Amino acid sequence: MSIILEHGNTFILLACLFGFFMAWGIGANDVANAMGTSVGSKAITIKQAIIIAIIFEFAGAWLAGGEVTSTIRKGIVDAEVFVGNPELLVFGMLASLLAAGIWLLTASYFGWPVSTTHSIVGAIVGFAAVGISMDSVHWDGVGKIAMSWITSPLLSGTLGFLLFKSLQKLIFDSQDPFAAAKRYVPMYIFFVGFIIALVTFTKGLKHLGLDITGFEALVYSCLSGLGLALLGFWLERNIKREQASGKLQIANVEKVFALLMIFTACAMAFAHGSNDVANAIGPLAAIISVVQAGGDVASKVATPSWVLLIGAGGIVAGLVMYGHKVIATVGSHITELTPSRGFAATLATATTVVLASGIGMPISTTHTLVGGVLGVGLARGLAALNLRVVGSIFASWLVTLPAGAILSIIIFFILKASFG
Amino acid sequence: MPSSNPFSRLFGRSPFGPLQEHIAKSHAASEQLRAFMTAVLADDWEEAARVRELINQLEHEADDLKREIRLGLPNSLFMPVSRSDLLELVSLQDKIANRAKDIAGLMLGRKMQIPEPLAKPMIGFINSGIAAVEQARQTINEIDELLESGFGRQVTDLLTQMIEKLDSLEHEADQLEVEIRGQLFELEKELPPVDVMFLYRIIDWVGELSDRAQRVGGRLQILMAR
Numbered sequence: 001m002s003i004i005l006e007h008g009n010t011f012i013l014l015a016c017l018f019g020f021f022m023a024w025g026i027g028a029n030d031v032a033n034a035m036g037t038s039v040g041s042k043a044i045t046i047k048q049a050i051i052i053a054i055i056f057e058f059a060g061a062w063l064a065g066g067e068v069t070s071t072i073r074k075g076i077v078d079a080e081v082f083v084g085n086p087e088l089l090v091f092g093m094l095a096s097l098l099a100a101g102i103w104l105l106t107a108s109y110f111g112w113p114v115s116t117t118h119s120i121v122g123a124i125v126g127f128a129a130v131g132i133s134m135d136s137v138h139w140d141g142v143g144k145i146a147m148s149w150i151t152s153p154l155l156s157g158t159l160g161f162l163l164f165k166s167l168q169k170l171i172f173d174s175q176d177p178f179a180a181a182k183r184y185v186p187m188y189i190f191f192v193g194f195i196i197a198l199v200t201f202t203k204g205l206k207h208l209g210l211d212i213t214g215f216e217a218l219v220y221s222c223l224s225g226l227g228l229a230l231l232g233f234w235l236e237r238n239i240k241r242e243q244a245s246g247k248l249q250i251a252n253v254e255k256v257f258a259l260l261m262i263f264t265a266c267a268m269a270f271a272h273g274s275n276d277v278a279n280a281i282g283p284l285a286a287i288i289s290v291v292q293a294g295g296d297v298a299s300k301v302a303t304p305s306w307v308l309l310i311g312a313g314g315i316v317a318g319l320v321m322y323g324h325k326v327i328a329t330v331g332s333h334i335t336e337l338t339p340s341r342g343f344a345a346t347l348a349t350a351t352t353v354v355l356a357s358g359i360g361m362p363i364s365t366t367h368t369l370v371g372g373v374l375g376v377g378l379a380r381g382l383a384a385l386n387l388r389v390v391g392s393i394f395a396s397w398l399v400t401l402p403a404g405a406i407l408s409i410i411i412f413f414i415l416k417a418s419f420g
Numbered sequence: 001m002p003s004s005n006p007f008s009r010l011f012g013r014s015p016f017g018p019l020q021e022h023i024a025k026s027h028a029a030s031e032q033l034r035a036f037m038t039a040v041l042a043d044d045w046e047e048a049a050r051v052r053e054l055i056n057q058l059e060h061e062a063d064d065l066k067r068e069i070r071l072g073l074p075n076s077l078f079m080p081v082s083r084s085d086l087l088e089l090v091s092l093q094d095k096i097a098n099r100a101k102d103i104a105g106l107m108l109g110r111k112m113q114i115p116e117p118l119a120k121p122m123i124g125f126i127n128s129g130i131a132a133v134e135q136a137r138q139t140i141n142e143i144d145e146l147l148e149s150g151f152g153r154q155v156t157d158l159l160t161q162m163i164e165k166l167d168s169l170e171h172e173a174d175q176l177e178v179e180i181r182g183q184l185f186e187l188e189k190e191l192p193p194v195d196v197m198f199l200y201r202i203i204d205w206v207g208e209l210s211d212r213a214q215r216v217g218g219r220l221q222i223l224m225a226r
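Those protein sequence lines, which keep their order, are chains A and B. Following my numbering, the residues of the first sequence are numbered contiguously, the last one being 420. Following my numbering, the residues of the second sequence are numbered contiguously, the last one being 226.
These are calculated hints, taken from the structure and not from any lab test. No false leads were mixed into what you were given.
Computed footprint of chain A on chain B, listed as stretches where at least three residues anywhere in the stretch have a Cβ under 8 Å from a Cβ of chain A:
no.	region
1	13-19
2	65-78
3	149-160
None of these values were measured; they are calculated from a predicted model. Note that beta-carbon positions come from the ideal geometry of N, C-alpha and C, so glycine has one too.
So that you can see chain A by itself, here it is in the shape it has in the complex (with noise of 0.2 Å):
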């Protein structure tokens, strides 16, 4: 207890640093993968991916981002266990946030496909494990998120399938693709709004204070939607067909695809922040909330939401000193990706990663969307995939989870000797 009192702003700070280290990590990488596929596509250039980017993860994070940030702050470890000595709790996740940092660091420098979602989860385990006990562990927890990890992927490709082959039928096959595609596009930007809408009004908004009953929060996002769809209709018009090669004029069907793009990748970003920045301010709401309480472990402190904006200050602070280089590295190599693919597979990976973000389940974003792009070839949507490098970015968590958990045991006993 009187670790807590005595050393408590060093926490806060120390708490602070690595969260904003954290999230500054996963705007300068992370992003680059979500945001990727739109500048591959050329629907968008590389700025005005940054700029989608910072309005977007950041209102993903402090919008829909509180129930991941729960999870990861109070679904994976038991509050009770801590309630003689809530240091441990804080020294554990200050051990987890650095133990995760510095196996991102390390990976993304051999060029690794690891997730900062199996990292963040593995070291929280590993050091509630370990360092405190096994009961101490939500087990039940840890394995729906596990569960998660694997039907994430799974949800995403059958999207990503379904949406290139409901375009495929509705556009492609019809009689004037051009003209089909203007009829249509609307209809996907209003599922679009729809959805990130969805998430927001029935989990998001609840932090901030307004609450919304379930009917009212449909009729708004269906609204939501409608507006979106207003607008890319207008948008549309000013569309025009030019002399294209090939009977089917394709190339003026993708120019009302990159329009589409342009919502896409919106809604791709605001899924993006509204997981992802959990893994980095999950645990700095829990040191927080226990510092604030003097050491009672038990309160229900809601997050505050000064704390999400840390996250999200810390995602953009990546993104435009060092993001915008592995946008458009990652860009410039996904040039397979035309619009009306990286459409189906960025929607797919955005809805996924949104519903997961509303049930509090921290995903790993990239592994969604390589679920969705699987998906659109699965459709005979795009050329040439290379499965091995599919084989080893899913087998990357085998590796990243007790990686997290052996450096966040090593860090945990390290501060608890040096505290303690």
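Starting from the known structure of chain A, arrange chain B on it as the hints suggest.
Okay, now just chain B, sitting in the frame of chain A:
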């Protein structure tokens, strides 16, 4: 960061671009047969040797492309078409260039003379083979649109029509082959028997040009259907 981003490595190199380059080489090689035959009929063996060199070179380039495509198709590559069908398609395309080389090689090696009454039908026959190869090339070039539309029904319908036209071109070439064989049969008693044997072989090989072009179309049809 030394290695590139893992997510961007997910996207493999498409084999369809090199595939189209490959059929362009095969087509170019067979198209040279027209110039070659003109030189042979004019008894200009210097020119014929030059054209054969060109055909050889084109065939070599096609071989290189074939190897490049094969090496670029590891088992782990996930494509909208079956890998074995694609490899089969490449080797069929390659055989067109090989046959063009064989024809030029044999005719130059033996300094073969075409009997005067056969000269005109022979040019027509060669042209029919080249036309079939040309149609095969155009069909393969539609793969771009096939991919862009995600194997949409409109493009598959279009390709089916093009393949039907390829079939009818092959049929025309077949008929010309029957005619030219008949004409040679009329003349064969007056010609040296060994020359006649080799003339029959050349006729056979020219017929194979359109035959192989048709098989490229057939394999493409299998490739589309899944």
